[in-house]
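Trainee: Residue numbers (my numbering), protein chains in the order written: chain D, 3 to 96; chain U, 139 to 314.
Treat the hints as calculated values from the structure; they're not laboratory data.
Just so you know, these numbers come straight off a predicted model, no measurement behind them.
Be a bit skeptical, because a hint or two may be false.
[To be verified] Pair ranges (Cβ atoms, derived):
#1 E53/D - K169/U: 20 to 30 Å
#2 Q141/U - D77/D: 57 to 67 Å
#3 M3/D - E239/U: 17 to 27 Å
#4 G151/U - N36/D: 31 to 41 Å
#5 N51/D - Y177/U: 13 to 23 Å
#6 D78/D - E239/U: 20 to 30 Å
#7 C280/U - N38/D: 25 to 35 Å
#8 R95/D - K226/U: 24 to 34 Å
#9 L272/U - N51/D: 33 to 43 Å
#10 K188/U - K13/D: 24 to 34 Å
#11 E166/U - K16/D: 40 to 50 Å
#12 E43/D - L196/U: 26 to 36 Å
#13 P237/U - D61/D: 44 to 54 Å
[Stated by the list, open to error] List of simulated lysine-lysine pairs, DSS-like, C-alpha gap at most 30 Å:
#14 K57/D - K188/U
#15 K32/D - K169/U
#16 K32/D - K273/U
#17 K188/U - K87/D
[Stated by the list, open to error] Just a few of them, taken from the derived set where beta-carbon distance is under 8 Å, the chain U residues facing chain D:
#18 G167
#19 N171
#20 L184
#21 P228
#22 Q231
#23 Q279
#24 Y282
C-beta atoms are modelled at their ideal positions from N, C-alpha and C, and glycine is treated no differently.
Okay, here's what each chain looks like letter by letter:
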Amino acid sequence: MKVVKVLGKNKKHKVFIYAISTCAWCNLAKNFLNENDVEYEYVDVDLCNEEDKGKIRRDIQSRGGSLSYPTIIIDDKILITGFRKDKIMEALRS
Amino acid sequence: MRQRAEADAKTYGYYLNPNPEFLRNLLEGLKRNEERYGYPSCPCRLASGKLELDRDILCPCDYRDPDVLEYGYCYCALYVRKDAFEGKIPIVQIAERRPLEKQARAYGEAAEASPKKKTEPSATVTKVPSEAKLKMWYCKQCGYVVFREDPPYVCPICKAKREMFAEIKIHTGLYG
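So that you can see chain U by itself, here it is in the shape it has in the complex:
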């Protein structure tokens, strides 16, 4: 797990968290998630246990790059920028970038289906989709194609920004 994270950090020019105890904790959490879910979802987020719903929080998560760009480190602080690694900026827990509707999926449909919960304020209820709607996206810069709910923030191949992704729509019909 450590080797995988180190290799990924190197690829993107990041560093791993400089606190050895904190880092060990994160890597153990990732290992535990890989064992129990079958994939290394973010140790600091609640996973649903269903890959199609947790795809955006597979480490390195979709939110890592924008978080590192804005704060200097990702949500769980496994990946940090050079200034954070060198202690020039403090590493404290940052706000969650993952949209609430995606977070809510980890709480299962039982949250909505329970008949006893009519007193809950409706404003706080977020609908939990049973399955993510997957689409096909391609990078207009390098042609990388990915099948997922939203386009990536950054193209993993050429590092183009999200705006460079376009959806591939396949139309089928009968032609005479």
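Chain D with its partners taken away, still in its complex shape:
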């Protein structure tokens, strides 16, 4: 699974995104974090092999998420489905 790390000055929280490379909402989420200088990691699920896709599906569902993208996981405990700017800001402020 190819995990891409995007460096940023804001490292207070561990931010991880499951995304789709062609998804405009996922790109908005990535751009939003870039603009706010937040460090994060992401995986483009559509570029993964079948085995990794299965792992990702299990990971998202075991956390109570749905299979929509972007799925954003903050500090391994907060899961945000979809690009919800308000929810991301709230999680990053805490």
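Starting from the structure of chain D, add chain U where the hints point.
Mentor: Chain U in isolation, oriented as in the chain D frame:
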């Protein structure tokens, strides 16, 4: 890709997303999917790469019309209603209407077959069919016939609702 989307929007009385950058992103995603899968599946959904399993998310997807009706725009927000186009309602990402069992197909059978994954809670496992069960449907209003898993939400010819579709069952047998 843009011309195709514009023509389709015009046919249905929709508009394309008013944000030029977002729209460009969506159209590039559609183009990329057409190149890699051979058909323009929704850029914001995970496709299986098998046409028979992705038919419902071919853009314009099966869920576009009910989503536009309920929210003012479709899941990826390529197609928007006039009020959304004019900025009278905000365009934010909406909930997925596509059923989970159909979404799950894109994750392949490896998700179920892996021997190491016995710790996974069984409640979250959705069975992935190897192939969609296709049926023949006809529109009782105009006679349009389509061969697919479920009837369309809206008839592409006469715009009749899903309820107007009935399955055509073909019985074969020997008669003396």
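Trainee: Are the hints correct? Go through all of them and say.
Mentor: So, going through the hints one by one against the coordinates:
1. E53/D - K169/U: 20 to 30 Å: The hinted range 20 to 30 Å holds for E53/D and K169/U, with Cβ atoms some 28 Å apart.
2. Q141/U - D77/D: 57 to 67 Å: 45 Å, violated
3. M3/D - E239/U: 17 to 27 Å: Taking Cβ atoms as reference, M3/D and E239/U lie about 25 Å apart, which means the hint holds.
4. G151/U - N36/D: 31 to 41 Å: For G151/U and N36/D the Cβ distance comes to about 36 Å; the hint holds.
5. N51/D - Y177/U: 13 to 23 Å: Holds, since N51/D and Y177/U (Cβ atoms, about 21 Å apart) stay within the stated range.
6. D78/D - E239/U: 20 to 30 Å: Holds - the Cβ-Cβ distance for D78/D and E239/U, about 28 Å, lies within 20 to 30 Å.
7. C280/U - N38/D: 25 to 35 Å: For N38/D against C280/U, whose Cβ atoms are near 52 Å apart, the range 25 to 35 Å is violated.
8. R95/D - K226/U: 24 to 34 Å: 30 Å, holds
9. L272/U - N51/D: 33 to 43 Å: 28 Å, violated
10. K188/U - K13/D: 24 to 34 Å: 41 Å, violated
11. E166/U - K16/D: 40 to 50 Å: Between E166/U and K16/D, where Cβ atoms are some 30 Å apart, the hint is violated.
12. E43/D - L196/U: 26 to 36 Å: 32 Å, holds
13. P237/U - D61/D: 44 to 54 Å: 21 Å, violated
14. K57/D - K188/U: 20 Å, holds
15. K32/D - K169/U: 21 Å, holds
16. K32/D - K273/U: Outside the cut-off at roughly 41 Å; violated.
17. K188/U - K87/D: Between K188/U and K87/D the Cα gap is close to 33 Å, so the pair fails against 30 Å, i.e. violated.
18. G167: G167/U check passes; min Cβ-Cβ to chain D is 3 Å, inside 8 Å.
19. N171: Hint holds; N171/U Cβ to chain D Cβ min 6 Å, cut 8 Å.
20. L184: 6 Å, holds
21. P228: Nearest chain D Cβ about 11 Å off; hint violated.
22. Q231: 4 Å, holds
23. Q279: This interface hint is violated because 34 Å lies over the 8 Å limit.
24. Y282: 31 Å, violated
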